[in-house]
Structure formats: C-alpha cells, structure tokens
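Student: Please put together the full structure from these sequences, using the hints given.
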Amino acid sequence: MTDLTAFALVCSLTPSPEPSSSELMAQHILDQFAERGISTSSARMVDHDVAPGVQTDMGGGDEWPALRDRILEADIFVLSTPIWVGHPSSLAQRLMERLDADIAETDEEGRPIMAGKVAVVAVVGNEDGAHKTIADMMQGLNDVGFSLPAQGSTYWVGEAMHAVDFKDLDQVPDAVATTTAGVVRNAAHLATLLRRENFPVE
1 MTDLTAFALV
11 CSLTPSPEPS
21 SSELMAQHIL
31 DQFAERGIST
41 SSARMVDHDV
51 APGVQTDMGG
61 GDEWPALRDR
71 ILEADIFVLS
81 TPIWVGHPSS
91 LAQRLMERLD
101 ADIAETDEEG
111 RPIMAGKVAV
121 VAVVGNEDGA
131 HKTIADMMQG
141 LNDVGFSLPA
151 QGSTYWVGEA
161 MHAVDFKDLD
171 QVPDAVATTT
181 AGVVRNAAHL
191 ATLLRRENFP
201 VE
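For the sequence shown, our numbering gives the first residue as 1, with consecutive numbering after it.
For the record, the hints were derived by calculation from the structure and aren't laboratory data. Among these hints, one or two may not hold up.
[As the list claims (entries may be wrong)] Simulated restraints on C-beta separations:
1. 199 - 97: 20 to 30 Å
2. 36 - 175: 20 to 30 Å
3. 170 - 69: 16 to 26 Å
4. 84 - 202: 41 to 51 Å
5. 143 - 57: 15 to 25 Å
6. 86 - 3: 17 to 27 Å
7. 3 - 110: 50 to 60 Å
8. 131 - 197: 25 to 35 Å
We put the CB at the ideal spot given by N, CA and C, even for glycine.
Tutor: Spelled out as structure tokens, the structure:
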C-alpha cells in the first residue's frame, strides 16, 4: 500500500533553521519511509506557538490545532526528542499534555480518535536516559490510542559529559542505522494492516 503518510513532530529546543540532532534523526526515519513510497512531512514544535494546557485548542493564537490536524491526517506519527538532564525535552512533555485531550475523543464509530494510527519514537542525546525517555513517550502515546510496532524506537546517545551531538557525526553508526531500518519496516507493516482493518468497536 503506497498511499500511507508519515508525519514527524520534532521536539528540539533549537528553532529553525539552526541544525538539530533530533530533526536529523527524524529525517533519517522519514527518508526510509519515503523509500517505501510513504509520503512524509515534519515540523519543529519550537517553531510554533503551542500553548500549555490539556485541551485540543487553548485559543488565543494557539498553534497546536494545526499540528494536531497533521497528526490526525497521518497514518504514522514520529515523535523525536532530545534528552535533557535525563528526561525528554519540555516540548515533548508539552506534546504529551496536549495529546491528553484526545483520550476522550472518538471517531465516527466510537473508537479512540488515534486508534488505527502507528507511533514510533526517536531519541538523541549526549547523556544517559534514552530508554527511560522512550518508555515515557511510548506509554503516553499508547494511552492516547496509538499502536506501537515491535521494536518501534531508535536512539543515539553519545559519551556522557561530552559535547559531541548526533548531528556532528560523519555517518550514522551501524547499530543505529540497523535499528532505524527495523523501526521503519515494522511501522510500515503495522500501518498497512491497520489501514486494511482498524480495531473493532465491540
């Protein structure tokens, strides 16, 4: 099935057009989706005025509704975040808080509105915390209704207390490239199955 779509929301704290390791990692994932005929797009959350809150629209120029629409339009959602002091970025946490409003939202047949959509997580950092960050993000995404593929996360962490970032590498390490390829393969497979037959309502 080649009409699938993937959307990546990058939770870097670095505004465009400055280089971002989180965006680079997300782009590696999107490029491999594109090789499979999947349409891709992305956005940096920091470039948008996303208000704090737990409603789908906080008003007053809140730009979350437009980003939410892009998530809803996609079959596959890629959440990419850096690690700061062992935790996901504050924007990744805000993303999860805004998605909380969708726990109670349903589609026309009564399913959770995110049911039938696949989510994967990408993490970068030069400190420990990748597994904990992935666990936190995946738990929240699954609570909202996203489906998680087998081995649906990829990450790179540099040597602790050093200044080398993912974007500084000359090439992607083989272990990361292999893991990312598996994420893409499994996510595309699951999204294809869910497009053919979504979850039952009874």
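Student: Next step is simple, just say for each hint if it's right about the structure.
Tutor: Tested hints:
For the pair residue 199 and residue 97, the beta carbons lie near 25 Å from each other, so the given range of 20 to 30 Å is met. Judged by the Cβ atoms, the range 20 to 30 Å given for residue 36 and residue 175 holds: they are separated by roughly 22 Å. Against the hinted window of 16 to 26 Å, the Cβ-Cβ separation of residue 170 and residue 69 comes to about 38 Å, which falls outside the hint. Roughly 44 Å separates the CB atoms of residue 84 and residue 202, a value that falls within the hinted 41 to 51 Å.
About 21 Å separates the C-beta atoms of residue 143 and residue 57, a value consistent with the hinted range of 15 to 25 Å. Here the CB-CB span from residue 86 to residue 3 is close to 40 Å, at odds with the stated 17 to 27 Å. In this structure the supplied range 50 to 60 Å is violated for residue 3 paired with residue 110, their Cβ-Cβ distance being about 25 Å. Judged by the Cβ atoms, the range 25 to 35 Å given for residue 131 and residue 197 holds: they are separated by roughly 32 Å.
Consistency with the previously given hints fails for numbers 3, 6 and 7, ordered from lowest to highest.
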